[in-house]
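Enquirer: Required output: the full structure, derived from the provided sequences and hints.
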Amino acid sequence: MDTATRANTRVDPILASILGKKIEAIAKEMALVLERTARSPIFQVRDFCTVVLDERRRILSQEEGLPQMAYAVIHALRHLEAMFEDDIGEGDVFVINDPYYGGNQTQDTAIFRPIFIDDRLRLWAAAKGHLADFGGGDIGGYVPDATDIWAENFRIPPLRVYRGGELQRDVWNLLMANTRLPHYVGGDMQAQMGATAVAEARLRALWAQHGNETMTSHVDFLLDATETRMRAELAQFPPGEYHGESTYEHVTDDDGMEAHTARLKVTIGDGRAILDFAGTDPQCGRYYNGVYGTTFSAAVAVFLMLVDPDIPHNDGVLRCLDIRVPEGSFLNASFPAPCVQGNFTCQDVAMETIFRALADAVPERVTAGWNRGESHNVRGVDPRTGRLFFDPPLIANKGGGGGTFGNDGWSNIGCIACGGGYAAQDYETWEAQVPALVLDHDYRTDSGGEGEFRGGMGIRFRYRLLADEGSVCVYGEDTDEPFGLFGGFPGAANLFSARREGGDWERLIPNRTYVLRKGDEVEALNAGGGGFGPPVHRHVAKVVDDVRQGFVTLERARERYGVELTQRLELDEDATRSRRERKAVA
Amino acid sequence: MSDNTFHVGIDVGGTFTDLVSSRSDGALAVTKVPTTTADPSLGILEGLEELARVAAGDGLGSFLERVEVIVHGSTVATNAMLTGRGAKTGLITTKGFRDALEMRRGVRERLYDNKYAPPEPLVPRYLRLGVTERVDVAGAVVTPLDESDVREALTVFREHEVESVAVCFMHAYVNGDHERQAAAVIKREWPDVYACISHELLPERKFYERVSTTSINAFVGPILRRYLHHLEERLLEQGFRGPLRVMKSNGGIMSPAVAVREGAHTILSGPAGAVAAATFWSQVVETPNVILVDMGGTSFDVTLIEESTPLITRDSSVARHRLMLPTLDIHTVGAGGGSIAFVDGAGLLDVGPASAGSTPGPACYGRGGELPTVTDADVVLGYIDPDFFLGGRMTLDPEASAAAIDRHVAEPLGLSTLQAASGIYDVINAKMAAAIREVSVQRGYDPRRFVLMVGGGASAVHVCAIAHDIGIRKIVIPRDPGVFSAFGMLTTDFKHDFVRTFPAVLAEVAVGELRDVFAEMRAQGEQVLEGEGVPADARSHVFKLDLRYEGQVHEVDLTVAETELDKPGLREVHRRFHERHAAIYAYATENDPVEVVNLRLTSVGETWKVRQPAADGRGGEPVPKGRRSAYFGHLKGSVEVAVYDGHAIGPGAELAGPVIVELLDTSIVVDDHYDFGCDEYGNFHLRAKAAADGE
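Protein sequence lines, in the order shown, are assigned to chains A and B. Mapping the first sequence onto the working numbering, position 541 (from 1) lands on 541, and the numbers just tick up by one. Mapping the second sequence onto the working numbering, position 553 (from 1) lands on 1553, and the numbers just tick up by one.
A couple of the hints might just be wrong.
[As the list claims (entries may be wrong)] FRET-style restraints, in silico, Cβ to Cβ:
id	chain 1	residue 1	chain 2	residue 2	range
1	A	Glu213	B	Arg1580	54 to 64 Å
2	B	Ala1038	A	Thr553	41 to 51 Å
3	B	Ala1038	A	Asp310	56 to 66 Å
4	A	Asp220	B	Ser1416	16 to 26 Å
5	A	Pro157	B	Arg1576	33 to 43 Å
6	A	Glu213	B	Pro1624	35 to 45 Å
7	A	Arg548	B	Ala1536	48 to 58 Å
8	B	Asp1177	A	Ala584	30 to 40 Å
9	A	Asp310	B	Thr1395	35 to 45 Å
10	A	Asp220	B	Pro1119	39 to 49 Å
11	A	Glu555	B	Gln1527	54 to 64 Å
Just so you know, these hints were derived from the structure itself, not from any lab. Predicted model, so just to flag it, every value in this text is computed and none were measured. Quick reminder that beta carbons are idealized off the backbone N, C-alpha and C, glycines included.
Expert: Encoded structure:
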């Protein structure tokens, strides 16, 4: 009987399982090529994703370096196909970075390679990653005072770089003429094109081995299977409507504060989730806006964290999510609004609204707040070489993850949109690349939000500039304390400061640029994660260990955890018992 | 006969301790005893006693007097890492950097898994102490070392009864003075504590990787010291007068003194023996390009050997802790005989990485395991004889296998038992084939140019299907796969790796300086080998450069001849770099500057080696010991196959597939794509049938 069933559908579930693994391996291999051959520091830390799609723009497999780019390539590919229609040929390669053509952050530049099998376009290989610089008002593309997208980045709508296997020299020259760092950017784009070429060879071989018909029927089966699995996961969420909101604040030019609030209604039912951001604040005049691609990726990434982490990352997942973001809101800004920082703003805010909305529905699956992105870049002339240097120290962009049912948050991992996906630079290598002396990189005591499951520790990173003159551009925010859940306390906020030689530490207000001189020091304090559950429920032995390790001070142990230790760091059982009893009553 | 002497290889594995002896006239003897985990030396002595009887018909004492050398593969360090039971360790590091060990590089291995816990740091925070000192990237002193900080740290360590001290300072790879000073303080203040100094172990740039490697070494060093001293004493008591040697993770051997100092080099001590054996056979049977596979109960190991040289990696980790020492590039995936098959939430069959291990084990073991495993599928398919498992030492229950497969795979998928079992077999084979592609294709090698060699375990049951999938036409299965690793230990040389970070642009490199640094490294190698008693004419050195395009973080290493260390030679190296880069990554940018990152040197001390063992089987036409039905998925049905006793098959024998050849430890399943043969050394060869799929 089962032979008959198989003959009808022509799908062999065993073969499907094997083909699924093979396609996954191809996306992974692309990522490996990118990671190993990229030139810029940011590529080497996996700020990219690699994707295999079919001719219907369905994602067959995806390997993300960071969650924040999850799934967004489908939108850029839609624009590409709309623009070129039938004029897409074998040996072509396309590039896109424009957020208003389906991108997310302007720097995130996608390479698309159409794959023809038996004279028909059947597949696409895509490699998308953060390129170091593409023109705009300032190196690196973070331009806090930009009022439109042209001031941020050179816009690349769908553009053909290779035609029929031939490099379009004029196009390439135009691209390279519009980056301040052609060496990095050219090298990284080569790596991206190399990765898609590797994928093309592998995919052709796989399709040739099994035949187009078998591949099509089995791919359909695989995507359906993932959809079934995703539906089954969502069916475990109690159906209903859930609401959440989250606010992003920043300092304005005249030192006032401006706030943008995201509002969300999640409707769960029928194995699907509808996310509607209606009511979200309108877009603003500066780069805190996001575009649809950004918010879309953030929402998908959160759901990938809420379900079985081993679910295949393909089109089947998307079919269960309906993500609606009102146009003109700061989560889906209209052309030509500036939007570079929105890549952090929207990811942080959108992901938080979803966790907050679903906290009561699936408390055991969500996490408390993570550190929001605050980062910076440093540039100047390296006195050792006389050459321009530019570096975003990713070491200074990692804070604590939120506590979650059963687990403390990770330290030195956030922000959530990165999920611990990229590696911080090695200090010794960094000092070879940047004229600076690292002073410290360590945990901030008491920065992890107190809770039964503690927030991850925030991090301190300090360095001294060794160049005669340089500047830092700080971007992100430093007012938010990552939220606690169910009685957990918030984590300590971000705080960046600088100290002039011989002077005192002064706050570096985010989204401004500061000039530094030789000997000046920069301090980046990244936020700790929020705590989950009442701290007095935390296991006493864990609190004692936290104090002994220097994660938590004696005072906080006493005040928030209700745990008394002696000065020799021995547990005072009686005092602890009575303190915890009093707290329980209170 | 009584003039004969012996060399002995001992591999202490998780379950069995394997011993092999080679007599001076070339005769081999093997034995296998259970491993005594609490004190592995007990099992070793028991094994030696048994070996004395088998190899020499002698008692332990008089046998050991005739043993010249014992080579030992030990998992003591590995187990200490896996169980977290190493020495209580303190770390002294540059002030401001004490958390690097625990923060790692800020990466969570599972991107979306918020319930995935980070690994416990090898040194807890309260034992990681920063001291005042700083050297910059050029090696200049920014802040001198404050020795009183070191003394204070030692006081804290004593209070907490620390057994081992790791020292790792910023940029010590370029200027090790402060570390040397700190080491001198430790020696003065606390002479008997175990100490590991980062620039002595690994003078290479990358702070987290170095501090992690140094801490691993400090964590396992005292454990290994205790164990090796104990073992040496016991062997001495029993009459052994020769040297003991320890198998290294890089495929070479070292003296116990070096092993104690650099214990982190023993992490792959066990599996390294199998790689050494495969390397040996690759030379003997003249197939220099080999992919070695070993399928155990829970994992599948793959190692690529090119031109009789195994690939080496510096990207390994143990128990999620980063180890930057050069080790054999043994790629491990969670696929073994105990891997559990299940139907996932989407209705797709998957197998592993969860494993039933040996307890409860596969359903057919009858030890309470109810979930279907790969072994259960192999039994149901007729590949393994339930009455002849481990040579009949254990009886399997095929009904239990069928029941488990029916319940968890066949019924949910609407398949017959045989189809389901065949699916399990196919899926696990696909995973193993993917692992082979990962170590070959992704590193720029075409696996079809390689011979597949089987290192042991259940590999022989699966190897035809895997080789066919990849397009590999020849498979070699050693006559005695069960003691392959112990045998390999008798085939190796002393091998020590040295590294120096040497940042330069290749086209502009100061050749004189380059040669000077290499000369220093070479002198260091000579010194270590001399200390191990290797005569001068048995020492040799291999030179390598780690190269990359300017700005890259990952390097490609290239072997250079000593004669190439001049301007014209380095131009040739330049050319080879572009070529290699293109081979691995599908592109090269020939106009971009190439950077030198590290200089590497491997110093080899050649030693006595085992002779090619002659076959011990009978000659003549093989006679089947029976026939049974075996199911082959690609034939969509069962086939009657002849079953042979492999131990009765001698050189020159040939059999056409499909056929099954049983050995004590495993069963060789030859499907219809391959034919079976036995070579002059008694090894089994499977060759693709001439007309195989017109590849």
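Enquirer: Can you give the numbers of the hints that this structure goes against, from lowest to highest?
Expert: 1, 3 and 8
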